[in-house]
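Trainee: As you go down the protein sequences, you meet chains S and H in turn. If you number the first sequence the way UniProt numbering does, the last residue is 430 and the count never jumps. If you number the second sequence the way UniProt numbering does, the last residue is 340 and the count never jumps.
Worth flagging that the hints you see were computed from the coordinates, not collected in a lab. Please note that a few of the clues may not be correct.
[Said to hold, decoys possible] Below, in silico cross-link-like pairs of lysine-lysine (DSS-like), each with a Cα-Cα straight-line distance of 30 Å or less:
{"#": "1", "chain 1": "S", "residue 1": "K335", "chain 2": "S", "residue 2": "K95"}
{"#": "2", "chain 1": "S", "residue 1": "K75", "chain 2": "H", "residue 2": "K278"}
{"#": "3", "chain 1": "H", "residue 1": "K186", "chain 2": "S", "residue 2": "K248"}
{"#": "4", "chain 1": "S", "residue 1": "K138", "chain 2": "S", "residue 2": "K377"}
{"#": "5", "chain 1": "H", "residue 1": "K278", "chain 2": "S", "residue 2": "K50"}
{"#": "6", "chain 1": "H", "residue 1": "K186", "chain 2": "S", "residue 2": "K182"}
{"#": "7", "chain 1": "S", "residue 1": "K248", "chain 2": "H", "residue 2": "K278"}
{"#": "8", "chain 1": "H", "residue 1": "K186", "chain 2": "S", "residue 2": "K192"}
{"#": "9", "chain 1": "S", "residue 1": "K75", "chain 2": "H", "residue 2": "K172"}
{"#": "10", "chain 1": "S", "residue 1": "K292", "chain 2": "H", "residue 2": "K172"}
{"#": "11", "chain 1": "H", "residue 1": "K186", "chain 2": "S", "residue 2": "K185"}
{"#": "12", "chain 1": "S", "residue 1": "K131", "chain 2": "S", "residue 2": "K377"}
{"#": "13", "chain 1": "S", "residue 1": "K95", "chain 2": "H", "residue 2": "K58"}
{"#": "14", "chain 1": "S", "residue 1": "K325", "chain 2": "S", "residue 2": "K138"}
{"#": "15", "chain 1": "H", "residue 1": "K186", "chain 2": "S", "residue 2": "K180"}
{"#": "16", "chain 1": "H", "residue 1": "K172", "chain 2": "S", "residue 2": "K289"}
{"#": "17", "chain 1": "S", "residue 1": "K289", "chain 2": "H", "residue 2": "K186"}
{"#": "18", "chain 1": "S", "residue 1": "K180", "chain 2": "S", "residue 2": "K248"}
{"#": "19", "chain 1": "S", "residue 1": "K325", "chain 2": "S", "residue 2": "K95"}
{"#": "20", "chain 1": "H", "residue 1": "K186", "chain 2": "S", "residue 2": "K292"}
{"#": "21", "chain 1": "S", "residue 1": "K50", "chain 2": "H", "residue 2": "K172"}
[What the hints assert, rightly or not] If you anchor each label on the Cβ, the simulated ranges turn out as follows:
{"#": "22", "chain 1": "S", "residue 1": "S339", "chain 2": "H", "residue 2": "L94", "range": "54 to 62 Å"}
{"#": "23", "chain 1": "S", "residue 1": "T230", "chain 2": "H", "residue 2": "G102", "range": "16 to 24 Å"}
{"#": "24", "chain 1": "H", "residue 1": "G69", "chain 2": "S", "residue 2": "K292", "range": "47 to 55 Å"}
{"#": "25", "chain 1": "S", "residue 1": "Q380", "chain 2": "H", "residue 2": "T132", "range": "56 to 64 Å"}
{"#": "26", "chain 1": "S", "residue 1": "T171", "chain 2": "H", "residue 2": "G69", "range": "38 to 46 Å"}
Only a predicted model underlies this, so the values are computations on that prediction, with no experimental measurement involved. Even for Gly, the Cβ is constructed at its ideal location relative to N, Cα and C.
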Amino acid sequence: MGARRATAAVGLLSATLVIAACGDGGSGGSGNSATQDANARGPITFVTGKDNSGVLPFIADEWNRTHPDEKVTIKQQSDQADQQLSDLEQHFQAKDPGYDVVTVDVVWTAEFAAKGWITPLTGQNALDTTKLLPATVKSATYNGKLYAAPYGSDGGLLYYRTDLTKTAPTTWDQLIADCKDKTTKGTITGTKPACYAGQFAKYEGLTVNAAEAINATGGSVVGPDGRSATVDSAQSATGLDFLVNGFKDGYIPKEALGFQETQSLNAFEAGQLMFMRNWPYAVAILNGKGSKVAGKFAVAPLPGPSGHGASTLGGHNLGISTYSKHKASALDFLKFIESDAVQRNNLTVGTLAPVLTAMYSDPALIAKFTYLPDLLKSIQTGVPRPITPYYPGVTEAIETNAYAALQGRMTTHQALTNMQAAIKSATAGG
Amino acid sequence: MTPAGQVEHRVVKKPNGGRRRSKARRGATNPGEARLAYALITPTLLMLALIVGYPIIKAVYQSFLTDPGLDQASGLFTAGDAWFGLHNYTHWLLQQCATSNGGYTACPSGTPGSQFWESVGVTVGFTVVACTLETVIGMVFALMMHRAFRGRAMVRVSILIPWAIPTAVTSKLWQVMFDPQGCINKILGTHYAWTSSLWPARCAIVIADTWKTTPFIALLILAGLQNIPEETYEAAKIDGANAWRRFTSVTLPLVKPALAVAVIFRALDTLRMYDLPKILTGGANGTTTSSILVVDQLTRGVNSASALSTITFVFIFVIAFGLVRLFNTNILGAQTKAVR
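Pulled out of the complex, with its shape left as it was, chain H reads as follows (with noise of 0.2 Å):
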């Protein structure tokens, strides 16, 4: 393409903008703009690089060496960072333990490695368990605040203000809250230690970040909802959808490409979920997440840490691809249906 041709076809292309444009830009590249392209974003993959990919790879690497040792003799740590093969791995996935006298054992109660498959569970029951709460108050509160009525504006800001707390400050309300003493058992009329047995503590924690994050999603399916042409629903009555069918056939497919974003946003949050248990109930009574295990782990000995760390990203790594895959299909499924 000529010079000239490149300025007309920028001056032709300009005023419509958007989506249209962005579509005729990706066909029309020649070398001299992909070269162009690719020195415009090298710096920025160099930089990603360095912060994400160094500590990525480094951590990998780490996780195959030993942790420090101890010196019997003169009580003094030895140097670790010696090659220790796939045992990091071993002593989390099989729960092995080192003896004193160089052997394995299961690791016994009490110890870190004990409670690696624990805080597996923990981590993906409270993402099933708070994202679908979640989910499913996120539609109703957005399908509230989609309607016109008067206040609207006020029960809008109010559904947002608790996504707006910082999760620390969220997390030490509602310690003050599930308080044995606190308005929660008051207003229920009940005495449990909340925070100082099982099931309550986790039932807590559930509580908590479905109050937290549900704006959330409430505001990202509120988005889809705006995005709905009204005459889809004045078509659907017409044709003698009632409400229910209404909301099936079109609002869910329609709405669905704002909702699997909103899913996988949360999902993955949860699965990282570090500083409302952290801060709620300490990590005890079976609210350990992985991402607190590790943390724990990195005081005793960075190696190993790093193999759980690296455990704990493949583990995310792979739900969340399988959850794109499985919602890019729907996604697609979803709105060809409803184009049709």
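Same shape as in the complex, but just chain S (with noise of 0.2 Å):
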């Protein structure tokens, strides 16, 4: 009886290895067929996140139009970022030719290139880089070789209550001076709005928040070559302190530990909110319909400790896949992305920050979408995340040992120094 169950236990348990024997793959190799099918021509398909903001059939058909022997087919993936990246990541190590042209993150290009999983476009797969922006052309580039093709762009941006506050602060200070008397502290439930929150769950908006942090007062995570890590350091703790003092004298409010882009935007869109760091793309829905706010909140760039602050970048770049069969049509639909008319209408149809710097100052764009100069500042000024293979484990110690901090459970110079160990240990690939 006890040796049965004893099988059907074994049985039982296994599953937890098989998820582990399943997950193998040929992460390692850094297989090249690159060269051989650089000149073929063919149809391709295109992988990209679910289309929220619309601008993917404008892409098909501009692009089937004037290639109807190379036509692009779309496969949209889930919208969330952790399902595209294990979608990816299955296709990649099946080496399936199917998937042409990807879309990447920009904290994944490194780890993708890397792993020999997309071309470089260099030689004959060379892409011309000189009208975009060079912040984003950075973030697409990996161990001094261009991997992928900026496709958009991101900064965050400062929202605030156009009727609480008539100018928008451009300093720490201001910014808390300007919630005397006008919100409450700590809490968002109140009928008073509450102070400032931008995204500080523990997951990677905190990385992207607590590096801006980290940044505006000159610190920083890693150093110039963007893997060793540099952020044990006096100017980081002054930066880390100005969220860790938010949570603790109640000018954040403590729910904003469980918040997430979604969640901070939710509170400011209700009116619970005086200031939210956010990305561009909120300025649409908070002038939607059901918003509380609508036509009383403007933006500017993100507050410093004397003057602006700086933002992390976001934004995606396109890659070939090294198992490609048609290079020469992936390519071709690489500069297709960069060319003005389809960057305009992700700007037009799905408000995404364009990559072509002339854009940030067309008169007839501005005009339309204000926000463009402070967008662009943003994007300039702004500072990449860590540019490694490694990024999971590197944002993993960032954003673990922030949040501890954030909590009150480790002080900010222990955060800042466990973070400094957890970085050297994950790009030692411990």
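Two independent chains are provided; combine them into the complex using the hints.
Mentor: The structure is reproduced here in structure tokens:
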């Protein structure tokens, strides 16, 4: 009886191991078939996240109209970044030639390049980047080589209530001063709004927000090589303390420890926040139906300790799969993506931040999207997140320790010391 | 035995059916029957070896290999899969992380290695607390459902609803309720950020898990209760046993086999818990279970994740084995005592 039940137990338990064994795949190899297919043309597949902004029909129609023999098929993934990532990983590990052009989050680019999954855009695959924002090109570059084509950029903005304050604060002190008398401290459920919130749940968004605070004071997460840890400094401590003290003193509500983009947006939309840090996509939603703050808010560059702060760069790049059979067509598709027509459509239809420098000084566009100059400033002065193939480990090192500091479970100094050690460990492959 | 004997044997035993038949059959196997039995179960065993055995052996083998490293000059990953001995195991068990100059250091906070023992503690903690709550409440529910009263069917159905809802939906449901502005804070008049601070987050998971799986335990106990003959209670009453005494001396020992199965199943399930904390809290605030850690590590390095999953496997297996042994003795003891 005992033996038989134990056998049943083994059967049940083996599920744990099966997960690990099935995750096996050729993550190591750097098999490069880039050259042999470089001239091959034919139909291609464009793999991208779910099209919430409605820009894909234009891209597909316009490309197919001008390239009848190399038609593009669009495969939409989920709208969750981690699900997109695991979908790409699975198809790359299977060396699937059915994925020709893939959308890559800026922070995945280095890992995909190091694993040999995306083709370097050099030699006969070279892409002209002179018209693009330098910051976006940098995000697509790994180890001195361009590996992807910038598709859309993103920078953080300060959203503020124009019915509560006339001008946007440029420094942290001004922001806190503006909150006096107009907000309640520490909660977003009161009759008056709370002061400030960003994205402080323990996830990628916290890495973005913590890095912004750290970079604003002249601190840095990693050195100029984009890899080695430099976060354990007095400047970094001053930066992180802005957020830590925010929770301690109550001008950041404690509910914000559970905020991702959507929750912070919902709170601002419901009139529960006076200031919010978010990406440009929020403008369209906050002006939409059902918003309590429609017409009562404006955007500005993020504040810092003395003058404007630093944004963390977001955005997406497009890579050509190493396993694509039609690389020449795929390269033409990347050039098409960088065209004025596509970038203009992405902005006007989907409010996606373009990567063409000229577009930010186009009077017609500025008339319609008044925040463009601020967004340009945010992107130009923006700081990329660490460019390393070990990014998942690096971001966990940052978010885990920053979270502990925000919760008050760890001092700022201790959090930065741990962060430094954990980034070092992650980039050593530990 | 002759063919005729076999036929006769079958004819005789068939109407009896059930337990007696299987007992009689076990003693009556001849070489021919045994061969047939082996021939019949061999395909199943082969399939099991293929779909259960092979992945286990492969995972254990992989756990002794290196993960791909980075070639600093080209920036590309080099092939891993070299022999690595027990390093993947010491990484987890002793929390030793590699340094850039090839040495080892204690894993700093914020690395998966540093979370190993915490995740083991969290997993065991959830199991002990949730299983205890579920067993106690499940027993109460089962006793309620067992009683004859008006609307019993309604009560049974309503108790079973949580078990019928998929875990992912349950997790989302409780996430909404545990929202800082959600109904739980409104009802309690509190302002807890349930899913974003340490102990409230852990409580939230135990509450949601208890809500979801108590019906399962209740159902198994109920099945056990229905097997207890009414005469036993009547006899106990005549002997002057009060309600508490009847519960501890009749109900509990007789329901113990069913209870043991329920607890073992729940304990194994909770030890492997992944979806509830992953969705409810994302593993933040000290709610990372061993299974969450395994899946997180998979994206970093398959071979080190294999070591972690092997450790988790052995760990759960030992606990499962211990529970089975413990309850087995208890069940046998209880049965003989009850019969006596």
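Trainee: Hints first: check each against the structure and report whether it holds.
Mentor: Results for each hint:
no., hint, result
1, K335(S) with K95(S), "24 Å, holds"
2, K75(S) with K278(H), "27 Å, holds"
3, K186(H) with K248(S), "24 Å, holds"
4, K138(S) with K377(S), "16 Å, holds"
5, K278(H) with K50(S), "23 Å, holds"
6, K186(H) with K182(S), "25 Å, holds"
7, K248(S) with K278(H), "28 Å, holds"
8, K186(H) with K192(S), "18 Å, holds"
9, K75(S) with K172(H), "28 Å, holds"
10, K292(S) with K172(H), "26 Å, holds"
11, K186(H) with K185(S), "19 Å, holds"
12, K131(S) with K377(S), "17 Å, holds"
13, K95(S) with K58(H), "22 Å, holds"
14, K325(S) with K138(S), "27 Å, holds"
15, K186(H) with K180(S), "28 Å, holds"
16, K172(H) with K289(S), "26 Å, holds"
17, K289(S) with K186(H), "27 Å, holds"
18, K180(S) with K248(S), "16 Å, holds"
19, K325(S) with K95(S), "11 Å, holds"
20, K186(H) with K292(S), "23 Å, holds"
21, K50(S) with K172(H), "21 Å, holds"
22, S339(S) with L94(H): 54 to 62 Å, "56 Å, holds"
23, T230(S) with G102(H): 16 to 24 Å, "22 Å, holds"
24, G69(H) with K292(S): 47 to 55 Å, "53 Å, holds"
25, Q380(S) with T132(H): 56 to 64 Å, "58 Å, holds"
26, T171(S) with G69(H): 38 to 46 Å, "45 Å, holds"
In the structure shown, no violation is registered for any of the earlier numbered hints.
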